[in-house]
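Respectively, the protein sequence lines represent chains A and B. Our numbering puts the first sequence at residues 1 to 279. Our numbering puts the second sequence at residues 1 to 169.
Among these hints, one or two may not hold up.
Unchecked claim - Straight-line distance between alpha carbons at most 25 Å, and here's what the computed SDA-like set of lysine to any residue pairs gives:
1. A:Lys5 / B:Arg127
2. A:Lys5 / A:Gly16
3. A:Lys5 / B:Glu131
4. A:Lys5 / A:Ala59
5. A:Lys5 / B:Val52
6. A:Lys5 / B:Ala129
7. A:Lys5 / B:Ser125
8. A:Lys5 / B:Val123
9. A:Lys53 / A:Arg27
10. A:Lys5 / B:Gly128
11. A:Lys5 / A:Asp17
12. A:Lys5 / B:Thr134
13. A:Lys5 / B:Glu135
14. A:Lys5 / A:Ala128
15. A:Lys53 / A:Ala128
16. A:Lys5 / B:Thr100
17. A:Lys53 / A:Val161
18. A:Lys53 / A:Gly259
Keep in mind that the hints were calculated from the coordinates and are not lab data. Just so you know, these numbers come straight off a predicted model, no measurement behind them.
Residue strings, one per chain:
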Amino acid sequence: VAVFKAVEIPTGLGPGDHICWGFDGDRAFADAATAFLREGVERGDLLMYVRPKPFADLASDLDGLHGRDRLIATGQLVLQSLDQLYAVDEVHHEPQAEPFRAKAEDAVGRGYAGLRAASDLTQIALDAARWSELRAFELRADAVIGQTPVTGMCGYDETRVHPDRLGALSAVHRLRHRRGAPGTFAVNVVGQVVSVSGEVDLSCVDDLAAVLVAVEDLTDGPVMVDLHRLEFVDVGGVRVLARFVADLGGAGRTVQFRGSRRNAQQLLRFFDLDGRHAT
Amino acid sequence: MTSPTGGWQGETFAHEAFFYDEDAQAVTRCVPFVLEAFERGEDVTVVASERVRQALAEALGGDVDRIAVLDAPERWWQGVTHPMTWDGCAPTSSPGYLPTAAYLRSVEPEWTARPAAARTVPVISARGAREVATEVARAHGANGRTDDMVIAINELWSPTRCGQPARPS
Chain A
1 VAVFKAVEIP
11 TGLGPGDHIC
21 WGFDGDRAFA
31 DAATAFLREG
41 VERGDLLMYV
51 RPKPFADLAS
61 DLDGLHGRDR
71 LIATGQLVLQ
81 SLDQLYAVDE
91 VHHEPQAEPF
101 RAKAEDAVGR
111 GYAGLRAASD
121 LTQIALDAAR
131 WSELRAFELR
141 ADAVIGQTPV
151 TGMCGYDETR
161 VHPDRLGALS
171 AVHRLRHRRG
181 APGTFAVNVV
191 GQVVSVSGEV
201 DLSCVDDLAA
211 VLVAVEDLTD
221 GPVMVDLHRL
231 EFVDVGGVRV
241 LARFVADLGG
251 AGRTVQFRGS
261 RRNAQQLLRF
271 FDLDGRHAT
Chain B
1 MTSPTGGWQG
11 ETFAHEAFFY
21 DEDAQAVTRC
31 VPFVLEAFER
41 GEDVTVVASE
51 RVRQALAEAL
61 GGDVDRIAVL
71 DAPERWWQGV
81 THPMTWDGCA
91 PTSSPGYLPT
101 AAYLRSVEPE
111 WTARPAAART
121 VPVISARGAR
131 EVATEVARAH
141 GANGRTDDMV
151 IAINELWSPT
161 RCGQPARPS
């Protein structure tokens with residue numbers, strides 16, 4: 001099973017799919033979202049379209065969606081501005097992914113097959129003050145989508161978001177549509193278990209470091225890092241893991257590793273991390 | 001009994017300085033060191049004065065022929081890496097001195113032509129280099145050390161990318 005998949009078109013997606021959709025300009029996302037939501041109509045999903053725009057402009061984006069006005073009128077298509085949906089939680093100071101779970105369960109309770117959401121998150125990715133929360137949100141969303149009947153499309157305008165941020169954002173999506181390279185590794189978090197999969201080398205160690213900072217914020221207490229789908233890691237990658245261990249250790253938290261292949265085991269030994277390998 | 005090389009197991013670099021007053025002490029220290037190397041199948045280089053070489057030869061008997069290099073310091077250490085030398089009375093310029101870069105070039109093996117059957121694969125990423133290394137290791141065998149070969153190729157590639165942007169900005 002591939003750890004992530006590069007996707008060419010915005011259709012053929014279903015519940016559990018969480019795609020990072022890189023696009024080029026405003027209209028490109030509207031077109032991709034239209035095709036994505038059209039498939040949701042056919043599947044009987046509750047549809048959400050989210051961008052930092054007023055209602056009329058959101059509707060205009062979806063001119064190509066057959067029956068758009070009827071879908072809006074019946075409540076099957078919900079148009080929301082970005083700030084409405086991704087309001088910062090006052091307690092956690094982070095946008096919460098849990099509402100997606102509740103919306104999906106509510107949608108199923110109302111007879112829909114699931115929830116299908118297309119969100120343009122470019123504006124949050126451009127905001128330095130919200131960069132940290134966005135990574136944590138995407139990790140949470142990935143976990144929620146993996147467990148609920150949600151199909152999620154997260155749009156990022158590649159002409160505006162810096163490639164360094166796109167690299168980290170790609171890494172927290174199982175499906176990727178990128179104008180540039182789709183990346184070589186993936187990170188996902190379920191409870192206290194962090195899985196790092198694919199290949200990590202010098203070209204993407206900064207992306208891994210950026211994602212692990214979000215993991216630190218997202219988890220509490222001891223963390224288990226599952227490496228068994230990590231096909232390759234170089235010295236730079238293990239150095240990032242060592243820094244993660246040290247950072248959590250500084251906060252009195254422990255990190256253990258499991259499932260590492262021979263290549264990773266050798267390098268963990270160089271950093272005196274082999275003793276942290278669970279048997 | 002303590003090993004002639006102490007706790008050294010041949011896995012890391014060891015560099016011992018041994019001081020002696022008499023040639024016999026040098027022989028007493030060196031013979032077990034040399035014999036242990038023979039047992040391990042390691043090549044041995046001995047650079048010593050003629051007296052010490054003779055004493056060693058007597059102690060080792062026929063085994064002395066197993067020493068790969070047995071030579072005198074004045075022949076072996078050609079002074080090429082030291083700009084100054086001692087002429088017996090005072091420091092003087094070393095006639096054979098080579099600047100470090102020139103010396104390193106002089107001891108590099110000569111480049112040889114690429115074998116006609118060799119395959120050339122252009123790679124533009126570390127991942128691409130690893131894929132080629134994996135393919136070659138699997139096709140030709142790597143004595144069960146494909147992982148080692150792949151990481152070696154990766155590490156050779158990585159420094160070439162240092163100082164360059166990882167991605168277009």
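Hint-by-hint comparison with the structure:
no.: 1; hint: A:Lys5 / B:Arg127; result: holds, 17 Å
no.: 2; hint: A:Lys5 / A:Gly16; result: holds, 13 Å
no.: 3; hint: A:Lys5 / B:Glu131; result: holds, 18 Å
no.: 4; hint: A:Lys5 / A:Ala59; result: violated, 30 Å
no.: 5; hint: A:Lys5 / B:Val52; result: violated, 69 Å
no.: 6; hint: A:Lys5 / B:Ala129; result: holds, 21 Å
no.: 7; hint: A:Lys5 / B:Ser125; result: holds, 19 Å
no.: 8; hint: A:Lys5 / B:Val123; result: holds, 22 Å
no.: 9; hint: A:Lys53 / A:Arg27; result: holds, 13 Å
no.: 10; hint: A:Lys5 / B:Gly128; result: holds, 18 Å
no.: 11; hint: A:Lys5 / A:Asp17; result: holds, 11 Å
no.: 12; hint: A:Lys5 / B:Thr134; result: holds, 22 Å
no.: 13; hint: A:Lys5 / B:Glu135; result: holds, 22 Å
no.: 14; hint: A:Lys5 / A:Ala128; result: violated, 28 Å
no.: 15; hint: A:Lys53 / A:Ala128; result: holds, 20 Å
no.: 16; hint: A:Lys5 / B:Thr100; result: violated, 51 Å
no.: 17; hint: A:Lys53 / A:Val161; result: holds, 18 Å
no.: 18; hint: A:Lys53 / A:Gly259; result: violated, 46 Å
Of the numbered hints stated above, those contradicted by the structure are hints 4, 5, 14, 16 and 18, listed in ascending order.
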